[in-house]
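Trainee: From first to last, the protein sequence lines stand for chains A and B. Using my numbering, the letters of the first sequence correspond one by one to residues 1 to 228. Using my numbering, the letters of the second sequence correspond one by one to residues 229 to 428.
Keep in mind the hints are simulated off the structure, nothing from the lab. Any given hint might turn out to be false.
To be verified - Derived coverage of chain B by chain A (criterion: at least 3 residues anywhere in the stretch with Cβ under 8 Å from a Cβ of chain A; other residues may be distant):
1) 249-263
2) 346-353
3) 374-387
Even for Gly, the Cβ is constructed at its ideal location relative to N, Cα and C.
These are the residues of each chain, in order.
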Amino acid sequence: MDIFYLTSAILLILTAYIFRFISILPFYRTHPNDRILTAHKGTNGPLHIFVFLGSGGHTGEMLRILQNYKETLLNQDNVLYVGYSDIDSRNKFSKLLQSACKVEYIEFKKAREVNSGLLASLKSIFLTLMTSLLNVIRIRKSIAFKPHLILLNGPGTCCILVLWFKLLEWILLFSSSSNIIYIESLARINSLSLTGKIVYWMADEFIVQWKELELSCAPRAKYFGILT
Amino acid sequence: MVKKTLFVTCGATVPFPQLINCILSPEFTNRLIRMEFKRLIIQFGKGYEEGFTKQLKSLGRLFPKESPVQASDYGTPKITGYTLLNDGNFEIFGFPFSSNIQECIERDATLVISHAGTGSILDSLRLKKPLIICVNDTLMDNHQEQIAIKFESMGYVWSCKPKIEELLGCLSKYQTETPKLFPNAHNEEFSNFLKNRAYN
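With the rest of the complex left out, here is chain A (with noise of 0.2 Å):
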């Protein structure tokens, strides 16, 4: 008998976790009629948003997509994550920052390449990585069930964000959708870069900026015209 309720118990949350994992996938995920505006079902009060700056290129239009939609994104209100692995790029966004938003600024790591052996270099990734997922966890926890949105642009840092967001998403079985938005370059017209290839299979939505890019390689993608 006892054996019988715990098989049952392991059956029943397998299940779950299998519907789970299927659930979060974008794919299985349709929001029609996403560019009008619907009414609020979930809960209301002030917007919490992680941003992640990747540097050069790709901090430059990231902070292009925040100024040219400040009226929802630095809304004076609004609590802002900033992910940033060069001091260039948070100072950068710091000068553009002009609303009293809230802003807590978080530092990402570098992965290094080290001359000095497989060993190290090994090391070094492992705990990019660890300190990423710490980090991770940490914005998670302070967004969770709050109205709340991930942007991402690249570069491969963001892989890996997304998969530790998508992971804790998965595990923790009633939380709330990571809400991560990935918007590809508009340097790419003809194809998506490597972390955009990547990310297409997890980031809950993902964001061209040229039409023939959703119609060539990315049909599940929205196209809104140029962002940046």
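With the hints as your guide, set chain B onto chain A.
Mentor: Chain B in isolation, oriented as in the chain A frame:
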């Protein structure tokens, strides 16, 4: 009075000597003077002061002067090679990079010539300045050429390679054609989309 100004921007990181060579050629500067331009400002990229100064000197007929222009107005540490040309009613100066390039373009530029980086292209287009894009064909990155061709095919810009005759051709187009106006950045649908995602 605003001086009729050509503003050249090469991007902050990679210098673009071929473009500056064309711009600082007698053919090109003479054409600018004939078109009644009064000023040429060149943002030439980090670490390229020496190259820029050398190229400027080879132009000849210069009257170098103490710069009346403030470096701080251009968000840059130093104004390089301030000089007058010919009879002195055409000024040229350069600087390596700017912390507020958008402000500089908005305030000074009548026409912009830019490298094909998306950031630089958008800076000018968002500010509704007429723009010539010059593609650096020595870079391995072929996105730049695609981007330039794409924007030109949409009628927002004129694009060319760093060759004097092609740049002169773009100047002629600037005189005779009106580019299409670039749409505004704000897009209500995307803004709605963000809110729907966040609140539902």
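Trainee: Hint by hint, say whether it matches the structure.
Mentor: Evaluation of the provided hints:
1. 249-263: violated (count 0)
2. 346-353: Our answer is that it holds, as 3 residues pass the Cβ test (under 8 Å) against chain A, meeting three.
3. 374-387: holds (count 3)
Violated hints amount to a single one, hint 1; each of the other numbered hints is respected by the structure.
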